[in-house]
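With chain Y held as given, fit chain G onto it using these hints.
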Amino acid sequence: NAGVTQTPKFRILKIGQSMTLQCTQDMNHNYMYWYRQDPGMGLKLIYYSVGAGITDKGEVPNGYNVSRSTTEDFPLRLELAAPSQTSVYFCASIYSAGLGGTEAFFGQGTRLTVV
Amino acid sequence: GEDVEQSLFLSVREGDSSVINCTYTDSSSTYLYWYKQEPGAGLQLLTYIFSNMDMKQDQRLTVLLNKKDKHLSLRIADTQTGDSAIYFCAEKGEDSNYQLIWGAGTKLIIKP
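Protein chains in written order, with my numbering: chain Y, 1 to 115; chain G, 1 to 112.
Extracted from the complex, chain Y is given alone in its bound form:
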């Protein structure tokens, strides 16, 4: 049971380059999230999805795009990388069963540096 898998684990980008952070979950979870984690700032929600074909902006969506063509995959796209996007990115998923006390499962994170 793999859970939530993120790739790559590390990446260095030059300003203006593009990349896609991959996220896959094999738990048939309907809710998926992308967060960024900056030192001393906690987790900030970038985008989320409540199911295949549905995505919505979180708190800090600028500079990012997402898609959710399948239940399993939720890639995050950076089109024109900027130094402000240097961060650790986490993908997470939740199974929505109408109960509030549900567990979020996290990937191991992607450490991105933009130079």
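The hints are simulated quantities; they were obtained by calculation from the structure and are not laboratory data. No false leads were mixed into what you were given.
Simulated pairs of lysine to aspartate or glutamate, EDC-like, Cα-Cα distance not exceeding 20 Å:
id	chain 1	residue 1	chain 2	residue 2
1	Y	57	Y	38
2	G	56	G	78
3	Y	57	G	3
4	G	111	G	14
5	Y	44	G	26
6	G	70	G	3
7	Y	44	G	2
8	G	107	G	14
9	Y	9	Y	79
10	G	67	G	54
11	G	70	G	5
12	Y	44	Y	59
13	G	56	Y	103
14	G	111	G	78
15	Y	14	Y	79
16	G	68	G	94
17	Y	57	G	94
18	Y	44	G	3
19	G	36	G	5
20	G	67	G	3
21	Y	9	Y	38
22	G	68	G	5
23	G	107	Y	38
24	G	36	Y	38
25	Y	44	G	5
26	G	36	Y	103
27	G	107	G	5
28	G	36	G	16
29	G	36	G	14
30	G	111	G	38
31	G	70	G	94
32	Y	57	G	2
33	Y	9	G	38
34	Y	44	G	38
35	G	36	G	58
36	G	111	G	16
37	G	67	G	2
Just chain G now, with coordinates in the frame of chain Y:
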């Protein structure tokens, strides 16, 4: 918007109890969570408490909730070196669509 606040660091001696505190602003919080992040890893759920409870105990972990003061704490009894990690407090409101509001995390440092 809603906010969750935590101290950034806590240092305790091995064998002592650790108490990590969290305050939140959302008066409609339904669930409050404690997640643990070990170095180089993602976050893992430690425990959670429903907003109509004031205490929850799970082995070495005790969660206390003061809903009036919007204060949540996590007590770890007999702290071990394996408890070294960052502990995140998070809350879920009534209409949050499963979005959680996260604290900045408290780094627990264990002294021998």
